[in-house]
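Trainee: Each chain, written out:
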Amino acid sequence: MDWRLITDDGVSASFGLAADEALAQRVGLNLSQPTLRLYTYQSYCALVGRFQNVENEIRVGYCHEKGITINRRPTGGGAIIMGADQLGVALTIPGRGDDSYSHARELMSNFSDGLLCGLNQLGVEARFRRKNDIEVNGKKLVGLGVYRAPSGGLLFHASMLVDLDIALMLRVLNTPFEKLSDKEIDTVAGRITTVRRETESNITLDEVRRVVTAGFASAFNVNLVPSGFASDELADIEKLEQGKYLSEDWVHQTTAVPDSNGSAKVKTPAGLIDVSVTTAGATIKAVFIGGDFFAAENAVADLEASLRWHTGQPEKVAATIEKIFQNRGSEFNGIRPEVMIEAVTKAVARARVAESQTRADPYGCYVNPGGAYA
Amino acid sequence: MSNQTNSYEIPTDRAYDREHHMWAQFDPASGDVFVGIDALGLTALGDLAYVTLKDVGKSVKRGESLGTLEAAKMTGDLIAPVTGVIFARNNMVVSNPGLVNQSPYVDGWMVVIKPSDWENESVQLVAGDDLPGWVDSEIKRYRSQGWID
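Residue numbers (numbering that gives the first Met the number 0), protein chains in the order written: chain A, 0 to 373; chain B, 0 to 148.
Honestly, the hints are just simulated from the structure, not real lab data.
Here the structure is a predicted model, which is why all the values come from computation and not from measurement.
Any given hint might turn out to be false.
The list that follows gives simulated cross-link-like pairs (lysine-lysine, BS3-like), each with its CA atoms no further than 27 Å apart [to be verified]:
(1) B:Lys57 x A:Lys238
(2) A:Lys243 x B:Lys57
(3) A:Lys243 x B:Lys60
(4) A:Lys264 x A:Lys322
Which bits of chain B does chain A cover? Going by a derived footprint, with three or more residues having C-beta under 8 Å, they are [said to hold, decoys possible]:
(5) 46–59
(6) 92–99
(7) 117–126
Residues from chain A that face chain B, not an exhaustive set, calculated with beta carbons under 7 Å [as the list claims (entries may be wrong)]:
(8) Phe50
(9) Asn52
(10) Thr282
Each residue gets a CB set at the ideal place from its N, CA and C atoms; glycine is no exception.
Using the sequences and the accompanying hints, generate a full structural model.
Mentor: Below, the structure written as structure tokens:
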């Protein structure tokens, strides 16, 4: 079977995102063939997840000062920066009507396999973490997302870090760090990795693109035929770009679910645990676990990743932490799971209290705050 | 009234969109249709983190978007099971999407639609005696596709 391969570089945020969404919609209507798109954005773009509030996630003033474009993805998850050293991977395939395509979780697994297969060719031993990361030794290398278009077409999207300017990323994104020191940069560097770091080489993005292409051909058992956008596709992309991705209403929309922050410190014989969380309603968006206890960096990163986009319900948080400790408890060097549970659930509870104190909810059940992009 | 199949509660007092797992409950007194997501669809999506709904007064068409969602497993659109005009929307689920997971058929309703063609469109939904067979086949389909365990 032939699938189309499109490679493009230095695209604008609005074009890149509109192209992915337009192809997902069209492939669900059988107007476009399944397509793997391997592309890069203009350096740099800051892209928030589908429902994030730009002002909460991005230092907007800094981006304006540096000419960094801000936009909003159709896929969920957290904010990212994209540029010449980050490979965008977008696979658009029909989501229904054809059994060979309809196994969504299997497809996600295959999608990951395409990336893992390519990375393995470079000697990088990466693994897929449900729901949305590919990691190497607990360090995030690829972020994944899925968007289902109204037509049923599916967009599997990934951002692969061939390289990353961590200091720049921390200046662009709103992070819990009050100041940007070498220590903070090192801390984040301990949670993230890149293809160049893992291969200890100055591998080019084109070389990474070549092995990812081979990986997808193998994982899906397809021929990837290099091609470009058809004229009717470009017309749809243009329409979507103008009507949506260049619209301030889309980029700067806000949600009714407020972000909130909470933190908790727990003293233990093995050291201090210092937990900061960001919640969106009842969902934990991000967790940062610090303090002065000794633990394997990968184990802490694993725990943090397990709690990202996780329900804040205490019993479910406890179950997830216990599961991690069952497998990696010894790597926490004397920190007991119940203490970690106490610290995380306290931080979440404080975030929820802060949210309830600041929440402005002037609308009744039948009154509607505006918004062009419901 | 409910049909308890393999622990997925599918009440029999309403109709369901076969493909998108949205429920539609017709109120004979007002002629309005309450709309939400069914338990099987929710299990496939996971916990909802965000929901948006179109404004009251907006027209929606069967098979097209009436709002959007971000769930644990994906982002996507909420698909209208019937055509009409949105008469009311549940802002409680917009500000607290977890309500939909907790109570999909009562507190977690999403919109009320004044339908323009309930008589013809309702026959395209599944209801009544057809429900048990449909639920069983959907559970098998979802399981085979890996959406549910």
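Trainee: Is the coverage entry for the region 117–126 of chain B by chain A consistent with the three-residue Cβ rule at 8 Å?
Mentor: violated (count 0)
Trainee: Does A:Asn52 pass the interface hint, meaning its C-beta sits closer than 7 Å to a C-beta of chain B?
Mentor: violated, 11 Å
Trainee: Would you check the hint for A:Lys243 and B:Lys60, treating anything up to 27 Å between C-alpha atoms as holding?
Mentor: holds, 20 Å
Trainee: Taking 27 Å as the top limit, are the C-alpha atoms of A:Lys243 and B:Lys57 close enough?
Mentor: holds, 18 Å
Trainee: A:Phe50 was flagged as interface toward chain B. Is the shortest Cβ-Cβ separation under 7 Å?
Mentor: holds, 4 Å
Trainee: Examine the region 46–59 of chain B: at least three residues should have C-beta closer than 8 Å to a C-beta of chain A.
Mentor: With 9 residues in contact (Cβ-Cβ under 8 Å with chain A), the coverage given for the region 46–59 of chain B holds.
Trainee: Is the straight-line distance between the alpha-carbon of B:Lys57 and that of A:Lys238 27 Å or less?
Mentor: holds, 22 Å
Trainee: Identify whether the interface hint at A:Thr282 stands, where standing means a beta carbon of chain B within less than 7 Å of its own.
Mentor: holds, 4 Å
Trainee: A:Lys264 and A:Lys322: Cα distance at most 27 Å?
Mentor: holds, 22 Å
Trainee: In terms of beta carbon proximity below 8 Å, does the region 92–99 of chain B have 3 or more residues touching chain A?
Mentor: holds (count 5)
Of the hints listed earlier, those the structure fails to meet are numbers 7 and 9, in rising order.
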